[in-house]
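Put chain B on the given structure of chain A with help from the hints.
Number of protein chains: 2
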Amino acid sequence: MPELRKDPIIGRWVIISTDRSKRPADFSREPVTMKGGFCPFCPGNESKTPPEVLAYRPNGAARDTDGWTVRVVPNKFPALGIEGGLNRQAEGMFDKMNGIGAHEVIIETPQHEATLGTLPEKRIEDVLWAFRDRIVDLKKDRRFKYILIFKNHGPLAGATLEHAHAQLIALPIVPKYVIEELEGSKQYYIYKERCVFCDILRQETESGVRVVGENEGFLTLAPYAPRFPFETWIIPKRHESAFENSSSQVYEGLAKALKNLLMRADKVLDNPAYNLVIHTAPVQQAAMDHYHWHVEFMPRLTKIAGFEWGTGFYQNPTPPEEAAKYLREAKIETAQPEMAAKS
Amino acid sequence: MPELRKDPIIGRWVIISTDRSKRPADFSREPVTMKGGFCPFCPGNESKTPPEVLAYRPNGAARDTDGWTVRVVPNKFPALGIEGGLNRQAEGMFDKMNGIGAHEVIIETPQHEATLGTLPEKRIEDVLWAFRDRIVDLKKDRRFKYILIFKNHGPLAGATLEHAHAQLIALPIVPKYVIEELEGSKQYYIYKERCVFCDILRQETESGVRVVGENEGFLTLAPYAPRFPFETWIIPKRHESAFENSSSQVYEGLAKALKNLLMRADKVLDNPAYNLVIHTAPVQQAAMDHYHWHVEFMPRLTKIAGFEWGTGFYQNPTPPEEAAKYLREAKIETAQPEMAAKS
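From first to last, the protein sequence lines stand for chains A and B.
With the numbering used here applied, the first sequence corresponds to residues 10 to 352, in that order.
With the numbering used here applied, the second sequence corresponds to residues 10 to 352, in that order.
Chain A extracted, bound-state conformation:
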């Protein structure tokens, strides 16, 4: 069972592996090579993953067989363990608890060569529904306080398998960065009696300089103070604190916005590695007027980031106004027919 430990100075919780801990020689200097070889996420290899917890099968085939469009399985090497109690306890002045949680993989497509950005909008929508369905199911477990959805695309972004997939981690604590957003947006709300994200939507729509794209439900923009070059957020226009409480039109709109952004980024940045994360409200809380879920997209363009870890202080070499202009003006096929991306 992994351990969750709390830093006694700043209060940040960290997962510490205990069972399969890495020794010095395990940290390979070699670049990850992901091409070729056996892929456990490809159709026909369903028995090579843990049994599925969710799959969409338009033709109604049997569990853990071929015929799915999206498939969700537990991570074979989970960061957290699903069984047991939290057992919060002290270790002298320190605090820890059992590393209880769920760690799942959302296989986004049966096609090995596809990426989320090249999938048809309808297929991206299916992936978003899988995110929602898993959150709705897992939040019934009251041990879980937060459910993270994220995606590492490309070795530079930490992906170790090539086949397009996202990940879900259900946690007994709320991650630090989400707490900061919750607290910061609450302070803003106390002062202004308005949601800071709603205010950002208004100001950015009016000025337009940091806007990358827009559809009926979403604004895609470069944030005013981004940490990373070409960092981009997708914000729903309608105020809602929890991703999973959205109407079906919202997932349709987000699929469109996501595909549009990923195509633009692929064009402008030459198929970059990227991380994508959904920031949403903690799962055991009521709807919040001050918090507003959104998607953050962070292409991995620079390695110069070690220092930033030590200080929380970032230098961004590309002003967001310029990044937004490049992405906004990229020539992409906006009305790509669904068939085009099929293998």
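Treat each hint with caution, since some may be false.
[As the list claims (entries may be wrong)] Simulated restraints on C-beta separations:
| # | chain 1 | residue 1 | chain 2 | residue 2 | range |
| --- | --- | --- | --- | --- | --- |
| 1 | B | Asn-96 | A | Glu-92 | 30 to 38 Å |
| 2 | A | Glu-92 | B | Ile-91 | 53 to 61 Å |
| 3 | A | Ser-256 | B | Lys-276 | 55 to 63 Å |
| 4 | A | Cys-48 | B | Asp-75 | 55 to 63 Å |
[As the list claims (entries may be wrong)] What the simulated footprint calls covered on chain A by chain B, stretch by stretch (three residues with Cβ under 8 Å from a Cβ of chain B suffice, anywhere in the stretch; the number is not a length):
| # | segment |
| --- | --- |
| 5 | 69-82 |
| 6 | 97-103 |
| 7 | 121-133 |
| 8 | 152-162 |
| 9 | 204-213 |
| 10 | 249-260 |
None of these hints come from the bench; they were simulated from the model.
Ideal placement from N, C-alpha and C gives every residue a C-beta, glycine not left out.
Just chain B now, with coordinates in the frame of chain A:
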């Protein structure tokens, strides 16, 4: 002039380049190659850097000529500009100010092939004195609220030049991570009326499981909840909030502790890339009972870190007890004679 911009949700300041902003094609995918070629930090090439702001010349040679042991020059491509006022202002709902600050390079040795860890202890002590002397000089400028000393060693840690060097950035704001340490340690002090770092020193010395090494003035340890495998802190035993206010014995002891740790890390982790940062109190504040300066050492062993940027949530595959044991038990020549490292 670069801009400092504040994130409106969580209040984090970011440096945004404006003059030489990077376009998409400027983000190279190629690994940094640093071997061979011209080195602006080598003796004889003093005219290729901006004029020095400090140098130690045992034989009293002229400025910007050969004969130095440590040399400090302004960064040729500074992240911040030194001239002008802060000019804090709003941009609608957003906040910004001019990117005023100093950005200097501390060239740690004239020997191109040396590393900080292979230098004799006395030479490392000189480097620490250079850090101190520059902080003492720069803090007279009341525009600067914080002075960061850090080191990127190796391309994986963000270094772009091979010749051993550290960096200094003087800032008109306090970086977020330092604010968190200041606030966290203050809360602890209010509750316990003791410094949290002093308490950590006591508990870790007693238990010993996370101790890497110890000398008269310093304890070197793996922290209880480290974000990264083999992350290690060096903490002065005597309470002091500001690095630059230490006695000369302290720099002597830190030089010993640093060399010892770097030799152990080089042995155990095969000369890893690393980041090193000095966390110290903001420069315009009086001595603090609740804050305690220290050094954080973070080897760059894994690329799997993109996700962590999006959430502030870390998975560490090596328990600190095991990391400390590897480092503690490494066989190194502890009484290396000063001559041995000379070229």
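Q) Does the Cβ distance between A:Cys-48 and B:Asp-75 fall inside 55 to 63 Å? A) holds (58 Å)
How about the segment 97-103 of chain A: do at least three of its residues have a C-beta closer than 8 Å to a C-beta of chain B?
-> holds (count 4)
Q) Are there three or more residues in the segment 121-133 of chain A whose C-beta lies within less than 8 Å of some C-beta in chain B? A) violated (count 0)
Exercise. Mind taking a look at whether chain B covers the segment 249-260 of chain A? Criterion is 3 or more residues with CB to CB distance under 8 Å.
Key: The restraint on the segment 249-260 of chain A is violated, since only 0 of its residues have a Cβ under 8 Å from chain B and three are required.
A:Ser-256 paired with B:Lys-276, Cβ distance criterion 55 to 63 Å: holds (59 Å)
Verdict on chain B covering the segment 204-213 of chain A, where coverage means 3 or more residues with a C-beta closer than 8 Å: Check passed, 5 qualifying residues.
Q | Within 8 Å of chain B (C-beta), three or more residues of the segment 69-82 of chain A | A | With 0 residues in contact (Cβ-Cβ under 8 Å with chain B), the coverage given for the segment 69-82 of chain A is violated.
task = Mind checking the hinted window 30 to 38 Å against the Cβ distance between B:Asn-96 and A:Glu-92?
result = Roughly 58 Å apart at Cβ, these two residues miss the hinted range, so it is violated.
*Is 53 to 61 Å a correct range for the gap between the Cβ atoms of A:Glu-92 and B:Ile-91?*
holds (58 Å)
Per-stretch coverage check for the segment 152-162 of chain A, three Cβ contacts closer than 8 Å to chain B = holds (count 3)
The structure fails to meet hints 1, 5, 7 and 10 from the earlier list, while all remaining hints are met.
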